[in-house]
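K.L.:
Sequence:
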Amino acid sequence: MTKLLLISGSPRKGSNSSKVIRHIQEQLEAAGATCNVFDLNTDKLPLYEYDQAQYELEIVRKLVQQVHEADGYVICTPEYHGAMSGALKNALDFLGGKDFSGKPCAIAATAGGGKGGINALNNLRTVLRSLYVNTLPNQIIADPNVFNEEGQVTEERTANGLGLLAEQLIAEVKLRKS
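In full-length UniProt numbering, the protein residues as written are 1 to 178.
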């Protein structure tokens with residue numbers, strides 16, 4: 001059984017990052033994967049202080065345990081001022097290479113109507129590389145116009161790209177397990 005952790009890196013309620021995560025979760029579960037979601041809007045972490053006592057907090061233990069137990073990951077972040085969200089960077093600061101141990105990860109970003117997303121993905125790749133995450137080469141940027149009023153991804157190119165990311169992630173997990 002493939003166990004995946006999907007992280008929505010936006011602290012904003014109703015974020016497009018959470019919509020992307022829901023879309024790819026449906027595809028991964030349809031392919032037989034078990035998915036946990038860690039959503040930084042509802043899973044509020046304290047500000048990382050490099051203090052071992054923080055690792056005793058229930059929410060921090062939940063994050064570390066879910067990262068450790070997962071076979072692979074999907075991370076989606078909004079682009080805030082040319083980088084990943086501060087909330088996502090803070091969450092990653094609680095983790096280390098031993099938590100990820102070279103497992104595969106698909107990444108995506110959300111951006112405001114043609115304003116980017118690539119800088120957030122480059123920033124995220126740099127941080128994930130330092131955590132020994134095997135980040136897949138393909139990535140997706142979702143602009144606001146790819147969602148319908150119900151928050152579903154309806155733009156064909158983005159939906160197909162997310163489907164391809166899901167397929168590639170499952171293939172990499174299976175390859176790693178063999």
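Don't read these hints as lab results, they were simulated from the structure. Don't take each hint at face value.
Straight-line distance between alpha carbons at most 30 Å, and here's what the computed DSSO-like set of lysine-lysine pairs gives [claimed, not checked]: (1) 13 x 44; (2) 89 x 3; (3) 98 x 44; (4) 44 x 89; (5) 62 x 103; (6) 177 x 13; (7) 103 x 174; (8) 13 x 174; (9) 103 x 13; (10) 13 x 89; (11) 62 x 98.
Between beta-carbon pairs, the in silico distance windows are [what the hints assert, rightly or not]: (12) 86 x 177: 20 to 26 Å; (13) 14 x 160: 32 to 38 Å; (14) 168 x 68: 40 to 46 Å; (15) 31 x 65: 22 to 28 Å.
We put the beta carbon where it would ideally sit given N, CA and C, even for glycine.
K.L.:
Each hint should be assessed against the structure and marked as holding or not.
P.N.:
Here's how the hints hold up against the structure:
1. 13 x 44: Holds - the C-alpha atoms of residue 44 and residue 13 are around 12 Å apart, at most 30 Å.
2. 89 x 3: Distance of about 23 Å is within 30 Å: holds.
3. 98 x 44: Roughly 23 Å separates the two Cα atoms, so the pair holds.
4. 44 x 89: Holds, at about 13 Å.
5. 62 x 103: Judged against 30 Å, a Cα distance of about 18 Å means the pair holds.
6. 177 x 13: 36 Å, violated
7. 103 x 174: 11 Å, holds
8. 13 x 174: Not satisfied, since the Cα-Cα distance of roughly 34 Å exceeds 30 Å.
9. 103 x 13: 29 Å, holds
10. 13 x 89: 18 Å, holds
11. 62 x 98: Roughly 16 Å separates the two Cα atoms, so the pair holds.
12. 86 x 177: 20 to 26 Å: 34 Å, violated
13. 14 x 160: 32 to 38 Å: Cβ of residue 14 to Cβ of residue 160: about 24 Å, so the range 32 to 38 Å is violated.
14. 168 x 68: 40 to 46 Å: 22 Å, violated
15. 31 x 65: 22 to 28 Å: Holds, at about 24 Å.
The structure does not agree with the numbered hints 6, 8, 12, 13, 14 stated previously, though it agrees with the rest.
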